[in-house]
Amino acid sequence: MTLAATAAGHGFLSPTGVEIAFLLVGIATLGAAVVTVTTRQLVHAALWLVVTLGGVAVEYLLLTAEFIAWVQVLIYVGSVVVLLLFGLMLTKAPIGRSPDADSGNRWAALIVAVAAAGALVWVVVDAFRATWIDLDGAVQGSTQSSGRTLFQYWVLPFEALSVLLLAALVGAIVLSRRAGEGKAPVAGLRNVFRTSPAPAPREDQR
Amino acid sequence: MHLAYPAVLAVLLFCTGLYGVLARRNAILVLMSVELMLNAVNLNLVAFDVWLRDTLHAGQALTLFTIAIAAAEIGIGLAIVLLVYRNRGSSDIDRLRDLAERPDGTDATDHGAQPQPDTQAEAPA
Amino acid sequence: MTLTTSAVLVPLLPFLGAVAGLLLGRSAPGFVRPLAVLPTLAAAALAVSVAVEQGGGPATDVATRLTPTGSIPIDLALHIDGFAALIAVLVGVVASCVQIYSTGYLRDDPRYPSYAALVSLFTSAMLLVVYTGDLMVLLVGWEVMGICSYFLVGHYWETKAARAASLKAFLVTKLGDVPFLFGIFALAADAGTFRITGILGHVTSGGLDHPTLIALLLLAGAAGKSAQFPLHTWLPDAMAGPTPVSALIHAATMVAAGVYVVARLLPVFAASAAALVVLAVMAAITMVGSGLAALAQDDIKRVLAYSTVGQLGYMMGALAVGDRGAAVFHLLSHGVFKALLFLGAGVIIHAAGTNSLAAMSRMSGLSRRIPDAYWTVTVALLALAAIPPFAGFFSKEAVLGAAEHAASGGAHGVPGAAGWTVLVSGLLTALLTAAYAARLWLLAFRGKGAEVPDHGRQPVVMNAMLWVLFVPTVALGLTGPYLPQWFDGRSLNPTLTTSVLGTGAALAGGLVAYAAWRHTSALAARAPLGAVAAAPDAAPGLAEELAIESHAPAYGGVAGAPDPADPGRLLLGPLHRHAAVGFHLDAVYSALFVRPVRAAATLVRFLDREVVDTYVRGAGAAPRWLGAAVRRAQTGNVQTYLGALLAGSLVLAVAAVLVATGTGA
Chain V
1 MTLAATAAGH GFLSPTGVEI AFLLVGIATL GAAVVTVTTR QLVHAALWLV VTLGGVAVEY
61 LLLTAEFIAW VQVLIYVGSV VVLLLFGLML TKAPIGRSPD ADSGNRWAAL IVAVAAAGAL
121 VWVVVDAFRA TWIDLDGAVQ GSTQSSGRTL FQYWVLPFEA LSVLLLAALV GAIVLSRRAG
181 EGKAPVAGLR NVFRTSPAPA PREDQR
Chain L
1 MHLAYPAVLA VLLFCTGLYG VLARRNAILV LMSVELMLNA VNLNLVAFDV WLRDTLHAGQ
61 ALTLFTIAIA AAEIGIGLAI VLLVYRNRGS SDIDRLRDLA ERPDGTDATD HGAQPQPDTQ
121 AEAPA
Chain H
1 MTLTTSAVLV PLLPFLGAVA GLLLGRSAPG FVRPLAVLPT LAAAALAVSV AVEQGGGPAT
61 DVATRLTPTG SIPIDLALHI DGFAALIAVL VGVVASCVQI YSTGYLRDDP RYPSYAALVS
121 LFTSAMLLVV YTGDLMVLLV GWEVMGICSY FLVGHYWETK AARAASLKAF LVTKLGDVPF
181 LFGIFALAAD AGTFRITGIL GHVTSGGLDH PTLIALLLLA GAAGKSAQFP LHTWLPDAMA
241 GPTPVSALIH AATMVAAGVY VVARLLPVFA ASAAALVVLA VMAAITMVGS GLAALAQDDI
301 KRVLAYSTVG QLGYMMGALA VGDRGAAVFH LLSHGVFKAL LFLGAGVIIH AAGTNSLAAM
361 SRMSGLSRRI PDAYWTVTVA LLALAAIPPF AGFFSKEAVL GAAEHAASGG AHGVPGAAGW
421 TVLVSGLLTA LLTAAYAARL WLLAFRGKGA EVPDHGRQPV VMNAMLWVLF VPTVALGLTG
481 PYLPQWFDGR SLNPTLTTSV LGTGAALAGG LVAYAAWRHT SALAARAPLG AVAAAPDAAP
541 GLAEELAIES HAPAYGGVAG APDPADPGRL LLGPLHRHAA VGFHLDAVYS ALFVRPVRAA
601 ATLVRFLDRE VVDTYVRGAG AAPRWLGAAV RRAQTGNVQT YLGALLAGSL VLAVAAVLVA
661 TGTGA
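One line per chain: the protein sequences are V, L and H, in this order.
The first sequence lines up with residues 1 to 206 when you count with UniProt numbering.
The second sequence lines up with residues 1 to 125 when you count with UniProt numbering.
The third sequence lines up with residues 1 to 665 when you count with UniProt numbering.
Bound-form chain V, shown alone:
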């Protein structure tokens, strides 16, 4: 295999420029991710998530998967994070430092995470110690090649995915819709005639 043949020419102590760039961006990405999961300001966490996702997009570029990278920027940075920010707002998340952002089992979580990281890193490094990616050939993830494969070989899953997205859309609407919204005018009228702003019974909300 070509991989085995090219493997001999590489070494850990002679990193290429791509590798150095990957490493630096990776460190930045990881740092942003760590800040995301540790910061006490909830909105900052969302913004640091933008940095992380952007870093991952850059890594995709470095791996010559440019279409994925742009999709990543578009969907994640563009929509998902915005959605999350809206979620934070709608749930009235406090602006500024909130001291109880982490739950009580933080240390247990840390232990589990570190142990998992150790185990996985050990396994991964042990497995791919002498494996190199050949980035010198044709670009793997250009928009052209990605589009061709996607619409040549993956059409059916693609269409199924569209149905899934539709289902998710409908589901999200149904879930976030106020229960009993169809009867909302009646409920409103009822509440108007009430002398005191008594909370509506839960049965009405269902």
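If you're looking for bench data, these hints aren't it; they were derived computationally from the structure.
Be careful, since some hints might not be right.
[Claimed, not checked] Only some residues are given here: those of chain V computed to face chain H with a beta carbon under 7 Å: (1) Ala108; (2) Ala109; (3) Val114; (4) Val124.
[As the list claims (entries may be wrong)] Selected chain L positions facing chain H (Cβ under 10 Å, derived; list incomplete): (5) Leu3; (6) Val30; (7) Leu52; (8) Arg53; (9) Ala71; (10) Ile93; (11) Asp94; (12) Arg95; (13) Leu99.
We treat Cβ as the ideally placed atom computed from N, Cα and C, and that holds for glycine.
Given the coordinates of chain V, work out where chains L and H should sit on it, guided by the hints.
Same frame as chain V, but now just chains L and H:
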């Protein structure tokens, strides 16, 4: 490029997300951590796709699907969180303890079970 | 009616009477008395006709096999020889007398229907034991008798003494019945049949493998039933039952069943010299010990009970010297005069209002109040003391003659030691018997002091039965010359030597007791004592129940009384204290059986409460603690669950990797 770089980065991102899922209290922050884990998987998929030079580009196609599913997931997840928040007045995961056994109504039921006034205030609006 | 039909009807009639009595007892009280008396009378008449037809000829054997029952067949067999026919007559006559007597004695008793039915059932079982030719069927009757005895001893179950006595009687006889059962099985296994004729044929052909073991096992059962040392302790206590029951069951018939069975199976015993010696020693200890104990008893019925034990000892002694004719002769005469004594004692207790001899010795005029009982009991006591010419003299001389015959080496296969043991102890017991008989008579009928209170007239039926039994008491001895043809053919006539010795001993005993009484009776006036249960209009049974109940509180015990005017106290000296309580055998039993069983029960209770239950509670507590611990883990916090899940899967993954790469364990 050495395959270990993206693989190790993916592992570390995944574990960071893992920590976030386990340690964060706010449900939206937990969702963010889930996004981190998904991204780590995506990174792996892309890296291995490039390494294997797959003619079908299964890794990249799956990455695209994952991104789409992640977007759907975040939508549904946020809807659920909003619903919970509306019913319970809080989106703190560790206070949603209705599944715990309550022998005599002790600490497990402190906040989660009682209806919050602000949801009621919103309701008739 | 053929002999077989009559013989089958003899046990069957009282049984049917018992069943009918139990069924009709509540609904038709008017039928109870006829149902109690008539079947028994008919059975007695049939038993007489069977005896007449049998006529001392060869034994009649009839057998039918209902169904195959296993390796060794069980037959419904009749074996009627002279012994069986005559004992059946005795059982029928005494049972009839007792049933008739009971109609007067327990006339107001609310439990009379069940009482009469149980007496009928007992009579049926005893007749079955007498007539049967199969050991298994015999065992059935044997156990039915035991349970009837249990119920009837406990007839006055309101009194604590009766409850305790009935349990004791049942348990002690069962203590003997278990070896008896083993003995029957061993015997049948050796002989290959349960039929008595088959077994005896097997024995005479010398085919018994373990004669000593089998004989000793059977002896245990006989000793339990016939109240021989060391299983005799239940009989004196069984006097807490009604007097007619004591007369029928605990004097005349059931206690004789052990003697009868040994007599039936005598060839088995004779096959083992050791068994005969054991039998002789047992009989000797029983005779002498019971004679001493009888001298110290205060309850008139207990005196008679110990005397029964002693007379049964005579029968066992006769069997020990290999003469079952003498044994059964004594059984017959003793059954008659002891039944008479007990029935007379019932009259005395009713008339005196007490069962205590000490109290009777302080009241005068008892003999004038009850002349019928006075004369019949006097004669019966003379018979008991073996004074000629009454029945007891002839039968006892037959026993002593057989013992002398064996002691002189005349009996084939009987060790001389057994003969000497029986002879010496028999003569000694003759002296003791006369002494306690004289003591009883003097204390009961020659009391000095206040006039006996009036407790009403005695029922006619009771006095009539005394006179019915009086006839054979006087005359049975005269039949001695005709009896050998019914038995084994050996002469039962008294020999000169033993007659002189025995009568001399009896006279000496009586005179010594009289002298002691003359000496002590003066003291009686100075030591007032006694409690009288006066119930003039009630049934005699009620007076007896009250007397039994009040004896222990009034005199400090069921057996003895602190009476300085008692001639027995003077005669026995320091022995009196021990004799009154039956030589502490009850204490020995208590130490040997009761206390270990109690201790074992306590131990079992402790083990159950503290050890077994600890495991049970532990088995319950461990899951509870585990549940509490697991419940603590169920916080409801999803993140905790997820963390634990991930940590677990991580450990599994690492383990899988280690196993897959072969670097780990």
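Status of the hints after comparison with the structure:
no., hint, result
1, Ala108, "holds, 5 Å"
2, Ala109, "holds, 6 Å"
3, Val114, "violated, 11 Å"
4, Val124, "violated, 11 Å"
5, Leu3, "violated, 18 Å"
6, Val30, "holds, 8 Å"
7, Leu52, "violated, 22 Å"
8, Arg53, "violated, 27 Å"
9, Ala71, "violated, 23 Å"
10, Ile93, "holds, 6 Å"
11, Asp94, "holds, 5 Å"
12, Arg95, "holds, 9 Å"
13, Leu99, "holds, 5 Å"
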